[in-house]
Structure formats: structure tokens, C-alpha cells
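Here's the letter readout for the chains.
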Amino acid sequence: NAGVTQTPKFRVLKTGQSMTLLCAQDMNHEYMYWYRQDPGMGLRLIHYSVGEGTTAKGEVPDGYNVSRLKKQNFLLGLESAAPSQTSVYFCASISGRTLETQYFGPGTRLLVL
Amino acid sequence: QKEVEQDPGPLSVPEGAIVSLNCTYSNSAFQYFMWYRQYSRKGPELLMYTYSSGNKEDGRFTAQVDKSSKYISLFIRDSQPSDSATYLCAMTPTSGTYKYIFGTGTRLKVLA
Chain W
4 NAGVTQTPKF RVLKTGQSMT LLCAQDMNHE YMYWYRQDPG MGLRLIHYSV GEGTTAKGEV
64 PDGYNVSRLK KQNFLLGLES AAPSQTSVYF CASISGRTLE TQYFGPGTRL LVL
Chain U
506 QKEVEQDPGP LSVPEGAIVS LNCTYSNSAF QYFMWYRQYS RKGPELLMYT YSSGNKEDGR
566 FTAQVDKSSK YISLFIRDSQ PSDSATYLCA MTPTSGTYKY IFGTGTRLKV LA
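As you go down the protein sequences, you meet chains W and U in turn. All letters in the first sequence, in the order written, are residues 4 to 116 by the working numbering. All letters in the second sequence, in the order written, are residues 506 to 617 by the working numbering.
None of these hints come from the bench; they were simulated from the model. Keep in mind that a hint or two might mislead.
[As the list claims (entries may be wrong)] Per label pair, the in silico range of CB-to-CB distance:
#, chain 1, residue 1, chain 2, residue 2, range
1, W, K17, U, P513, 30 to 36 Å
2, U, R582, W, K12, 33 to 39 Å
3, U, T602, W, L25, 18 to 24 Å
4, U, K507, W, L116, 26 to 32 Å
5, W, T101, U, D571, 23 to 29 Å
6, U, P519, W, D65, 42 to 48 Å
7, W, E62, U, S517, 27 to 33 Å
8, W, R112, U, E562, 32 to 38 Å
9, U, T602, W, K12, 26 to 32 Å
10, W, T18, U, S557, 42 to 48 Å
Since the model is a prediction, treat every value here as computed from it, not as a measurement. Yeah, the Cβ is synthetic: ideal placement off N, Cα and C, and Gly gets one too.
Please put together the full structure from these sequences, using the hints given.
Okay, here's the thing in C-alpha cells:
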């Protein structure tokens, strides 16, 4: 997963707690994405960004907020975690010039009790 | 009904076999079709993509798109144990925002 890092790798939360997942890329990519992956559901887009300072909702945005204050970072926030948000979260980035230049991060495993 | 359907498997084949992985879709607006490989507890990695209909070959991998049937395939020749992974298809109407719709993935096991 060259160039895309995710922090933390694993986290356990209690219902109602908040946390922020950090995605960082060093490839100067314009586009960044947050997905969640659940068994039998595939990857589902939560939020995405087409450039610094811009964000947009994806397929399953409820319960999440995002920010992209710096081009290289895309933050995903859970204000009040729920057990339904137990999942593996993947960040991805794409240069915007060609489809080949897209990379996923290694994932963050989140367990909400 | 999901926009993209993919058999979850698992699909078990002997080493050296030709593997065929498939996805069907319902949205005729899809133009870009991607295949990803995902090893256990890792992020997906892009294998190849095709635009519109036709075939694309890259080493042992061939991607095929049949838009008239809304059906895409990934063929793996001379499969190796290292090919054991989950294979995800994804597609999008345009390259503009790169908002992909993913299949659920097919788990492949290549037996030595």
C-alpha cells in the first residue's frame, strides 16, 4: 500500500465515544476517499474529497464527518460511535489524471462495543 | 437488488488452472470497469481496468467486458498459490469523481 497510511491500525471504542481516523498520502493526489468494508457488503463509500478544502457525501455518510484541511490528509470522524460502525475502514487516493494511479491504505479495524 | 453482483465464493482451484471471476451489473451507464486484488487483512490493490467493452491483457491476467450482457470477467492463467486472495470488481459511469461501485468480492484459493 505504497504512499497511503492510516492511523490507528486498530481501535476499540465504547458506544457513544468519539474518535478520528487519519489518512495521509504523500503522492500529491487530488482525490481521497473513505470506505468501510463489511462481510457480504463489499466496499461502500462513506465520504470523498476532490481537492483540498472540499468534501462530499458518499453512499453511507450518516454518523460520520470528514475534513480535508490539507491536501495530503483526509480525516474521518465518528462523533458518537455505534455498534453498527464496527467495520474495517479503508482510505484511498487517486491522482485525478489517470485511473492507474490509485492506492488504498492498509485499513483501520474498529470495534464498537 | 445491488447494482453490482459478485459471487462471494470461495472458489478453490488447483495450481496451474485457469480461473474465471465474474461480475454482473444493472446500470448501463457504467463505462469504467476495475479489478482489485485484496490479500487477507490488507487494502485492495488495483490489478487492471478497462474502458467500455473489449478485452485487456496484462501478463497472466485478462479483463473482459461485455456491455450488451452487463457482464465483466477476469481470467487468471496458470494460477499460483500466491494468487489466493479476494478479487473485487468495481465500476463507475465516468472518470470524473472516481466514485466506484464495488462488488462484494470473490475469495479465491489456489491449491498447491
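Evaluated hints:
{"no.": "1", "hint": "W/K17 / U/P513: 30 to 36 Å", "in the structure": "holds, 32 Å"}
{"no.": "2", "hint": "U/R582 / W/K12: 33 to 39 Å", "in the structure": "holds, 35 Å"}
{"no.": "3", "hint": "U/T602 / W/L25: 18 to 24 Å", "in the structure": "holds, 22 Å"}
{"no.": "4", "hint": "U/K507 / W/L116: 26 to 32 Å", "in the structure": "holds, 30 Å"}
{"no.": "5", "hint": "W/T101 / U/D571: 23 to 29 Å", "in the structure": "holds, 25 Å"}
{"no.": "6", "hint": "U/P519 / W/D65: 42 to 48 Å", "in the structure": "holds, 45 Å"}
{"no.": "7", "hint": "W/E62 / U/S517: 27 to 33 Å", "in the structure": "holds, 32 Å"}
{"no.": "8", "hint": "W/R112 / U/E562: 32 to 38 Å", "in the structure": "holds, 36 Å"}
{"no.": "9", "hint": "U/T602 / W/K12: 26 to 32 Å", "in the structure": "holds, 28 Å"}
{"no.": "10", "hint": "W/T18 / U/S557: 42 to 48 Å", "in the structure": "holds, 47 Å"}
The structure is consistent with each of the numbered hints, conforming to all of them.
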